[in-house]
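> Mind docking chain V on chain E? Use the hints.
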Amino acid sequence: MSQRFEFPSIHNFSPFYTQQVTQTTLQNQIVLWSEIILSYFRHHKLYRLELSEALNGELFKNQGIKRRLKLETLQIIIDHMVKQGTAEWDSPPSKNAALIYWRKPEEWASLIDKWVFDCGLNNSIVTLYEILHGESSEGMEFHNLNQTILLKALDILVKRGVAQLLQGSSADDLGVKFFGING
Amino acid sequence: MNRFTRVELTSSLRPVLADHETVIATQDNVGLYDGNDKAGDYTNGIVYLTSHRIVYVDAKNPTTNSVAVDIRLIKGREIYTGILKSSLKITLKFSESSSFDNSPSSSSTSLSTVSPSSWVCPICSFKNQQIVKCQLCGVKKPENFNITSSSSSTTILKDNNKYNSLNSDIIENAEQQFSTSPSNPTDSIEIACPSCTFLNHPSMINCELCDAELGTFNMDGLNMGNDVGSNMEKVGGDDRQDFVKLSFRRGNSTFYDKLKMVMSTKEWEKTDESQVNKSIPEFDPGLGGISAIFNKAEQSQKEQDETLNQAFKDLDGLMTNATEVVKLAESIKNKISKDPEFLADETSDFRTYLVELGIQNPVTKDSAGSIYHKELARQLAEFLENLLAKENGMIALTDIYCIFNRARGVSLISPDDLYKACSLFEHLSLPMRLRKFASGLSVLVGSNFKLDEQTAQRIIDFIKDRESLTAIELASLAKMSVVLAIEQLQMVEAKGLICRDETVEGIRFYDNLIINTQPEKLFS
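These protein sequence lines map, in sequence, to chains E and V.
Note that UniProt numbering numbers the first sequence so that position 169 is 169, with each residue one more than the last.
Note that UniProt numbering numbers the second sequence so that position 44 is 44, with each residue one more than the last.
This is chain E alone, in the form it adopts within the complex (with noise of 0.2 angstroms):
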């Protein structure tokens, strides 16, 4: 893990631990909570969020005040930032789990067609471990992506018209081919 993140002071006041009644107020502070857990996951790269796995985390659990994010009120704030695009329930209708987009799946889809330019991969099929892990791909954002949002990342590729999915013998082993620009 890179450096620690730095919460910002609201991340110390108790009464931001309780999801509040009054509606102005309450619909500021899942501004605010939706704006941390951003943040937070663009800084340690995270993609996936375990609903209730996170909340013993640092991030809904604050020990120096001994509070923590009730699930119901982190289920609505995930709800808010569906509604806003940032993020998307995992297998809905369960709300268990969710994918976080720091990026959303159209700016992803934008950085790998780019890499693949950069690269001179057009023409040619790369796996997706490749774009994961692989070492052209190191340095780059998308490096240790998770799977799922990859996936929407090339769907959108793939409806645009400049990339092909190509299936493998396990699902493991997809593979992508990027047509060039006159493809």
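Where hints are given, some of them may not hold.
[Unchecked claim] Straight-line distance between alpha carbons at most 27 angstroms, and here's what the computed BS3-like set of lysine-lysine pairs gives: (1) Lys45/E - Lys152/E; (2) Lys70/E - Lys521/V; (3) Lys104/E - Lys521/V; (4) Lys89/V - Lys374/V.
[What the hints assert, rightly or not] Not everything, but these chain V residues come out facing chain E in the computed CB check (under 7 angstroms): (5) Ile514; (6) Thr517; (7) Phe523.
Hints were generated in silico from the structure; no laboratory data involved.
All figures in this text were calculated on a predicted structure; none of them were measured in a lab.
Glycine included, every Cβ here is placed at the ideal spot set by N, Cα and C.
Frame of chain E; chain V shown alone:
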């Protein structure tokens, strides 16, 4: 009418009562008649019957058109139960107090038994109570009955003698009156009719044959007026009729019954006596100096003990002694407030208890009748005026129920009555309002308090001082009930000024940093 005096009203438009004075009955929708005519400015109002006075409080202009008359000035009364459209009327007769000072026993008895304004119909000889026309045959009362003497007592006397009324009582009384007068009118000769010369009985006014006026009446009446008037000279210049009628557009004769009771108990005499008794000090030559003072103190302590013991023996005892207990409480209160040493915390608590025990004249269903809730609301408003200021303009209804009933001591009110009275505040334009919170808690709010802003500011100040606040802390800081504190905190929270921290220990309220933090500046 000229016996009526202007009355002082409390802020809630009820009459200010003197010491020892109690309200016996109340009736609204009452008009005053001065003599037989409506009294212009006093046509619709509330009439209070107290142990000492009859007070009229005008409905339209209570501050200017409210008058009262001492019951001790009332020498005669009469009731007319209304028929059809005409309403129930009570006639109050006044007579010159000076004349009765001269011959107190005979005249006062005669006037209270005889209805002074009754008259005998010239046609059917029926003794009438009604003013304008004969009750039996419907013939108009002859004009010359309203002879110029203002004293109603002379009128009766004339009537009685003229018509040989069948009422033996009246004759008896009349004779009593005339035992002193030199000429007895029944002895006079028959009167010849000026038109047909028929010799009429001396007690006729109109000729029996031709119905022409005999013309003797006025003369005779005046003569008699002079005869009797020897001890009524003071009547002189006032040519108005000396009675006032109360016209009850609503209600029944209970008011009259109560009036009867008040006039027979003569509460005002009692208090005079008791004051006289108290003012005469007992003189014992064997005692003096310090020992006398000690004795006196001991004695008064014994008396107070006695009062308390008797009062709490049984409920009836409590009822009868309630006024004394309240008086005792007041005297202690006065003593404490005079003594600077008593300003310590305990005694100030004690004093507030005493203040709370102090409604001398509780409005009861019995005394107020149909306007019970309105009267209760007025009394409540008077009672709460000081209390509201002390409680920062807001008291829970449940608290009021306790405090108010404690203050009444006896004849407690039901929660329902309290609620009804409170909901009338707006209608009676009294300076407080009933307010219901979302939780169902009802509170009484002084309408001159800018409540929301004041409460909010107070709570925010508290929070700034101590960072966070619970309802219980607020309740003890602001000296209010916890339910009310919760309501106030929630009210301020709903405005987004504070936010909550909910834990197993309860809810703490904090300054609303959540809403004050901009998402864009979160990490800066």
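> Now tell me, hint by hint, if it's right for this structure.
Checked hints:
1. Lys45/E - Lys152/E: 17 angstroms, holds
2. Lys70/E - Lys521/V: 25 angstroms, holds
3. Lys104/E - Lys521/V: 22 angstroms, holds
4. Lys89/V - Lys374/V: With Cα atoms ~23 angstroms apart, Lys89/V and Lys374/V stay inside 27 angstroms; holds.
5. Ile514: Hint holds; Ile514/V Cβ to chain E Cβ min 5 angstroms, cut 7 angstroms.
6. Thr517: 5 angstroms, holds
7. Phe523: Constraint on Phe523/V satisfied, holds at 6 angstroms.
The structure fails none of the hints (numbered hints given earlier).
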